Amino acid sequence: MNFQSSVRKRVDFFDESDEVKYGVEAKKGRFERKILLPIHKEKVKIMQWLVNKQVTILLGETGCGKSTQIPQFCYEAGLGEKGLIAITQPRRVAAISLAQRVSDEMNTSCGDVVGYRVRFENCTSDKTKIVYLTDGILMREGIYDGIFSKFSCIIIDEVHERAVHTDMLLYMLKCCLRRRETPLTIIIMSATLQAGLFSKYFNDAPTYHVPGRTFPIECFFIDKCKFKEDYFYNSLSTVYKLHRKEPLDESFLVFLTGQDEIEAACRLCNEENKKFEFPIVPIPLYASLSSNEQFKAFQKYGSNKRKVIFATNIAETSITIPDIKIVIESGKVKQKNFNPFTKTDILKVINTSQAQSFQRAGRAGRMAQGKVYMMFTEKVFHEKPTATEAEILRINLSGVFLEMFKMGMTAPHKLKLIEMPSEDKINSALEELLSLDAIEESDEGNYKITKIGDSLVKFPVDPKYAAILLQSAILGCLEECLTIVACMSVEKLFLTPPENLREQVENYRRIFETNEGDHIMMLRVYRAYAQGKRSMPIGDFKEWTKKHYFDKRNIEAAANIRRQLSDICLSLKLKKQSCGTSFSYVRQALARGLALHTAIFNRSIDKFVLVSNKSVQLKIHPSSCLHRQKPDAIVFSELCKTSDIFAKDVSLIDPEWIRC
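Going by numbering that gives the first Met the number 0, the sequence shown opens with residue 0, and the numbers climb by one from there.
The hints are simulated quantities; they were obtained by calculation from the structure and are not laboratory data. Model, not experiment: these values are computed from the prediction. Hints may contain errors.
[To be verified] For lysine-lysine, the following BS3-like pairs were computed, each having C-alpha atoms within a straight-line distance of at most 30 Å:
1) Lys347 - Lys333
2) Lys273 - Lys295
3) Lys606 - Lys347
4) Lys491 - Lys378
5) Lys149 - Lys81
6) Lys240 - Lys295
7) Lys81 - Lys304
8) Lys295 - Lys546
9) Lys457 - Lys541
10) Lys335 - Lys647
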C-alpha cells in the first residue's frame, strides 16, 4: 500500500486537549497544564461575558479548553449558587471522563462538587454543583420539568454533531426561556465555525470565539492499494506496516464502523502477533461496552508492546488519549436512515463527511505532533460532503415525538426546530404513535398524549418495545417480555465466529433455536447464560461462553437494561407474571406491540407482504432461525435492506392476532 504525503494540508486547528487526558499523570501538574490552555487567556473576559448574557454561542476550536474550563468559569462566576451547572455530551464515555478530569483539576472527588449522570450510573451528591450528563438524560429531565428548575446554567457541548437529542434540547431550551421566571444561562458550544445557524435560532444570540493552539498533523492519503474498496483490509494492513517501523510508545487509533468489525480486527491482531517481535495490544472501543471496558483505552500496557485502539465514531470528539500519535481513518461510518414509506431502518456503511475526517485526524494531534493515514485518495476526500446530515432529518421520530407530546406538544407539523424533518417522517411517527394508542386526536390537526402514552414514555426504549411490556402485563407474560425487550435493545447476543469455526459454532447454537422464532430464542439464550453464570465454576463458564461465541458484553448490558425496565414496571404497578413454558402469549404481546411490523405470507409471489403497506414485500433474513420456514404470518423487530428487504428477529404469529 502506497501513501502520498500531504504535509502541506496540515490540519493545523487541532491541538492540546480541551477535553480529557488519561494515563499515569501527576495531579500536581494539572493546574500548570490548565492555565496553558488557550481559553485561559480569555478567562476574565469570558466570565464577564457569561454573567451578562442569557444565551451565548461559544465557538472554541478543538484544543482551546472549552469542555473542561467553561463549566469551571461558570462556577467561579457564581452561576452555581442558585442551581446546577449542567454540561451535556452526546456520548457517555465523554461525560464520565470529562467529569473525572474536572474533578481532578478542582482537587475534589468525582461525585462531590463535580459529578456525572449517564444511563445506569449516577455519580452525583447533594454537594454537586457541576454535572456532566448525556444529552438524552437532560432531555428526559426536561420532559417532567419543562423549565429545568434544578439548573441555573445549561451548557450544550458538541452541538456541531447535531445529534437528535441535542437538536431537541435546543428547542426545549428556547421554549423554556419564554416560560421561566428565574434566570437561566445557556451556553451553546461548537468546535466548528458554523455559528450562524445556532445564533439565528436563538434570536441572533451573540457569538464568542476562542482560538485554539496547534500541533501539526502530517496527513497521508492512499495513492494506490491492493484492494481499493476494502477499507477494513487497508486499515489492518496499515496497522501491521506501521507497527514494524514506528516507535513502540506511539499508540494507534483506528476508526472502523461497528462492533463486528472491531472485534474481528482485535482477533486478527492477536493472531498476527506471532509474526511480530513486540506484540500489539488491541483494544476495542464502542458505545455498548461497559464503562470499565471503555476505559481500558486510556491505560498503558508496558514498554515492549503497542496499544492499538479500534474504535467507532465514539472516539471522534470529547475524549483524548494522550499516547495516540497515529490515526488510521477508514473514511467510513455506519449510519441508520429511516424510510417512512416502507417503515424500514436502513443501516448501511457510508463515507464520512470532511468534517468527520478532520475530527478523526485531530485525535493524533492532541498532545504532540501526529500523523493520520487516510484510507482513501485525496480526490475522494474532496468529493465527500462537507458536514454530516443532522440526525433528526434521517431517523424514526416516534420516540422523540412521544417525549414532546408528554411535554405538551400538540401540533408537530408546527414545531420550530432548528431544522425540520420531512412531512413524510412526521406523518410516519404520528401513524406509529396512533397505532400504539399513545396519542389521540384532540381537534383537527392536533393531538394529545393518552394514559397509555404516559406509561410508554416512562420507558427509555423505543415506544414499540415499551408497548410490548404493557401488553405482556395484560397477557400474563411480563417476566419473559422484560428479558426479550432487554435483548432487543442491545445489538446482538452472539459474536461472529471466524470462518473456519462457523459451522461448528452454529451446530452448538442450535440447542437454543425454536420453531416459534428469534424472540423466544433470545429468551432461551439469556436464561441459559444466567443459569450458567450462577451454577458453573468460573473456568467452565468461561469455556462454555467461548465455545458458543456469546457476546458477554451485550448480554450483561441486556441484564442492566432488564433491571431498569423491571423497576419502571414496578413503579407502574404492572403485574410481573410468568407464562411458564407456553410462549404463545409472548408472541401475542409482540404482535400487539409491533403491530406495524407484522407481515402475511403471499404464496403467489413467495414473499411476505407488510400488513401496514401492501406494496412492501420482504423475506426472512438468513440469520433468523425461521429463515427456512414460510409461516402464514410473522412479527419482526426491524427491516433491513441489502440485496432485498429482509425482516430480522422474526417470530411466528397467528394471523388473527394482527390488528392493524
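Failing hints, ascending? 4, 7, 9
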